[in-house]
Amino acid sequence: MKDLVLAAAPACPWSWLTVRWLTAVAPQRGLTLRLQPYSLWLRDGETQAAGLPDFIAAIALETSRQSLRVLRVCAALATESRYADIEHLYVEWASRVFVPGPPQA
Numbered sequence: 725m726k727d728l729v730l731a732a733a734p735a736c737p738w739s740w741l742t743v744r745w746l747t748a749v750a751p752q753r754g755l756t757l758r759l760q761p762y763s764l765w766l767r768d769g770e771t772q773a774a775g776l777p778d779f780i781a782a783i784a785l786e787t788s789r790q791s792l793r794v795l796r797v798c799a800a801l802a803t804e805s806r807y808a809d810i811e812h813l814y815v816e817w818a819s820r821v822f823v824p825g826p827p828q829a
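Heads up, the sequence shown is in this note's numbering, so the first residue is 725 and it goes up one at a time.
Do not rely on the hints blindly, as some may be mistaken.
[Said to hold, decoys possible] Restraint ranges, calculated between C-beta atoms of paired labels, are given here:
#, residue 1, residue 2, range
1, L776, H812, 29 to 35 Å
2, L776, R806, 33 to 39 Å
3, I783, L728, 27 to 33 Å
4, P777, R753, 34 to 40 Å
5, L728, E816, 18 to 24 Å
6, W738, A782, 14 to 20 Å
Think of the hints as simulated: they come from the structure by calculation, not from any bench.
C-beta atoms are modelled at their ideal positions from N, C-alpha and C, and glycine is treated no differently.
Hey, can you work out the whole structure from these sequences and the hints?
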């Protein structure tokens with residue numbers, strides 16, 4: 725099997741959609757998914773994408789802040805090469821933050 729490394733930010737809905745898709749497809753393609761912790765908060769701080777409605781920007785900002793806790797645990801797991809545990813933690817956390825079910829249009 726080949727490793728597929730994805731820099732995944734717990735606070736990013738697009739990362740969440742990508743992880744959901746890859747976890748479904750990777751086994752069929754002979755790939756092992758390895759999530760690399762990534763922080764939108766460390767990248768952007770309090771800056772949000774232009775054009776976001778205020779209520780969405782506020783949610784995105786708070787989610788980015790809260791994701792730092794998850795990222796600390798992911799970083800500790802990564803030092804021990806516990807990538808399956810990182811994926812499990814990411815999926816559990818993100819499934820509580822983002823809308824469940826199929827991706828919404």
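Which hints, by number, does the structure contradict? none
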